[in-house]
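Could you put the whole structure together from the sequences, leaning on the hints where they help?
Each protein sequence line maps, in turn, to chains A and B.
Read in order, the letters of the first sequence correspond to residues 1197 to 1663 in our numbering.
Read in order, the letters of the second sequence correspond to residues 1197 to 1663 in our numbering.
Heads up, some of the hints might be wrong.
The list cannot tell twin chains apart, which means a pair is met if one copy fits it or any two copies do.
Derived SDA-like pairs (lysine to any residue); straight-line CA-CA distance at most 25 Å [to be verified]:
#1 K1637 - R1235
#2 K1637 - G1281
#3 K1637 - A1254
#4 K1637 - S1250
#5 K1637 - E1560
#6 K1637 - A1247
Calculated from the structure, these hints are not laboratory results.
There are 2 protein chains.
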Amino acid sequence: MALDAALASTLARLLAERFSTSESVLALHGRDESALPARPPDAVCFPETTAEVSRILAACNATGTPVIAFGVGTSLEGHVLPTRGGVTLDLSRMNRILALSPADLDVRVQAGVLKDQLNARLREEGLFFAVDPGADATIGGMAATGASGTMTARYGTIRENVLALQAVLADGTVVECGTRARKTSAGYDLVHLLCGSEGTLGVITELVVRCHGIPERIAAATVAFPSMAAAVAAATEIVQTGIPIARCEFVDGPAIAAVNRHADLAEAEQPTLFCEFHGTEQAVADQLDRAGLIAGEHGGAGFRFATREEDRLRLWAARHNAYFALLALQPGFRVVSTDACVPVSRLAECVELTAADAATTGLEIVLFGHVADGNFHTGVLVDPDSADDRAAADGFTSRLALRTIEMDGTVSGEHGIGLNKRGYLVRQYGAAAVDLMRTVKDALDPNGILNPDKVLPPRLEALDAAP
Amino acid sequence: MALDAALASTLARLLAERFSTSESVLALHGRDESALPARPPDAVCFPETTAEVSRILAACNATGTPVIAFGVGTSLEGHVLPTRGGVTLDLSRMNRILALSPADLDVRVQAGVLKDQLNARLREEGLFFAVDPGADATIGGMAATGASGTMTARYGTIRENVLALQAVLADGTVVECGTRARKTSAGYDLVHLLCGSEGTLGVITELVVRCHGIPERIAAATVAFPSMAAAVAAATEIVQTGIPIARCEFVDGPAIAAVNRHADLAEAEQPTLFCEFHGTEQAVADQLDRAGLIAGEHGGAGFRFATREEDRLRLWAARHNAYFALLALQPGFRVVSTDACVPVSRLAECVELTAADAATTGLEIVLFGHVADGNFHTGVLVDPDSADDRAAADGFTSRLALRTIEMDGTVSGEHGIGLNKRGYLVRQYGAAAVDLMRTVKDALDPNGILNPDKVLPPRLEALDAAP
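Listed below in structure tokens is the structure:
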């Protein structure tokens, strides 16, 4: 599909060489980290200012052209796939850190600022940004997705870390939502309506996010367990007793094996907790003591500490690279990532049932996650050219989603819905809540130009009419 | 104004004696704790189930009759005043605690459950609910208002403590929003759209809220300072250095004097911080040491501790009763409560300018608040029969609101907008954001029956057409 000619010339005039229809640029914007087939947009815009985003949206809205906001393409559920062509809005050039207030522990950034870039700047002030998904995503992309990561139990998800944001609506209107105050009860919570809306209600262009002081003391520890159930039970108890653990990650034996091979490590290939404790010298020692006791009661084989920063970073890099380690096992394969999150009391049961199910699929499946939140992932290694693999993976992910819902959980703890999980929303929330989401979508984006086909399942009549 | 006769008979049939038009019942539902003049509804319904709420809303929607959700009437900005008559939905009989899961630290309640009632039940399990506004409000009312209170810096506002909720929309549709998982990124965040919407987008009927383990050790302390600026600077520094203080309340000398008289206490009538520390024995000792050092550096006259529970409760009761203590100073007077919240770096300046302004008004004004969040209140004692008093109070509150906005803050940290503060929304967020709120309101409540005139300022054309 080609772009409307008048629109193309408007955008080219506005952006000059920052408007592109080159095949290679289109191809780069036609996929994300999901296993879904690629689908390029008709054009890519690289705006540098909110005013440009506003003009692009107004022009696209006038012609009913889809607009897909794009950060760095690390989403996992097909969020950025231009299912109906249109214009991809690549926000990576909107990467300025606009205002940092160490006294208020907040920072205003453009949406395209990267997590690691932000942390490098914050570090100069003794601060850090506490939302830590595996990928080096953009802050805008993290907010649009409702991302979280390894430090959620202590510092919250991106939602609790966004104080204010600026967004451009479908018709080009620029809105400022929230304030720099720590809390507000003035008017509807537009900040959290836009967070997690995956670019379907507006395009986030700037954000004020919270940051935190780098703790006086950080200690990381790993502890191996005789079984998955024991590891999860220990993690759950650590959280339930109120130990303010900063990170508590579970990795199963096969995932450790993959990481060992990929990162040249020699961790025991057993179910393992990766933990991190933040605080004063004394507070961390206290937390370590108490967590160590609990781990021991569940058969954990003693804490292995890493307090030197380089050791800690190596440890967390290994954990974050589980996804790439898995990919490296079978060149040409893709990884299907699942994202179940259940009440912590159901976590051990959910993990065990899922592991048992995985063993029946004939696929290579590893299991890891942020167990302190009740959120865990599986990585399912799939040969994209094998219909059998794809069918087995679909069956496994679908059974996991239904199991999660049945346990009062959510089919997405942090990856979002995108294209992949729309089919579960009605089952999770009921039809009335999904209809309410549609009412909001239709009111904010009457022409349906903003990231079409994402988040909301098609209406039944639309399905009937589908080709 | 009388209710539509057919509607009245439908409601009477549905609710029998739980539908009332008696003068005394109407009068009880025509005011809140604001200084606004009373305005009774035309009828009051006392539903006991969500199904009844649904039927009442469907019937009122069909006749375009206003519906005002009502908990126990502790709101401070006129939220529950039936400005156009209609039906008040008194939810106080929906007061059942439905499901408590100590393992997941969550509890499902009906909207009319009271904070103290919930805490009494949680206490049996060693748990507590950490949102603590002064009043013994309903959980539903707290959520609808976006309330917070004294423990926000540590445990978050009501928003961060609501995992899921059930609400009835204008047409009677029942929606379930959120899940019991600790986090979700599945679909639009309807939970936080409804939290803080003050009954204008839907009526909250049930909620799943988080609870917390009662800490091993709780220590309360008071410390008096030579000046307001010193007290605020100390509080700000305690927060900025990352001490996880559970409560940090500022009370000025005149407020202490009022509390002393009211509660028969003998606190020094100086600017004072009321602090509370939660944790293990060791963690609390560590926090006390560090906070004590900071207080001392700002001239704080040594911590006075209360670790015995009855002493602590007396202390906090005194703090919570500041409002009633103030009222007791002048029988027949009303208290106008303000609710500014600014970035913590601006707090000392905002408090000082506000105190200086207060001194020029000729009114009795006390100052207190949750300084760890940058949120402070003033209580302005007003003779409701004095036009001079009312004008002086209006001038003071208006100057404070503008000062707050100018400092990147919010005109409401926790009391909400109600009727009183609608005029500041456009100035705080800009017209585009307020228009977006209106778009949401119109989409969810097309007949405008849900708590009319609250939150959103009238459109300019509506103002022109006003009598």
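**Broken hints, by number** = As far as the earlier hints go, only 5 is violated by this structure.
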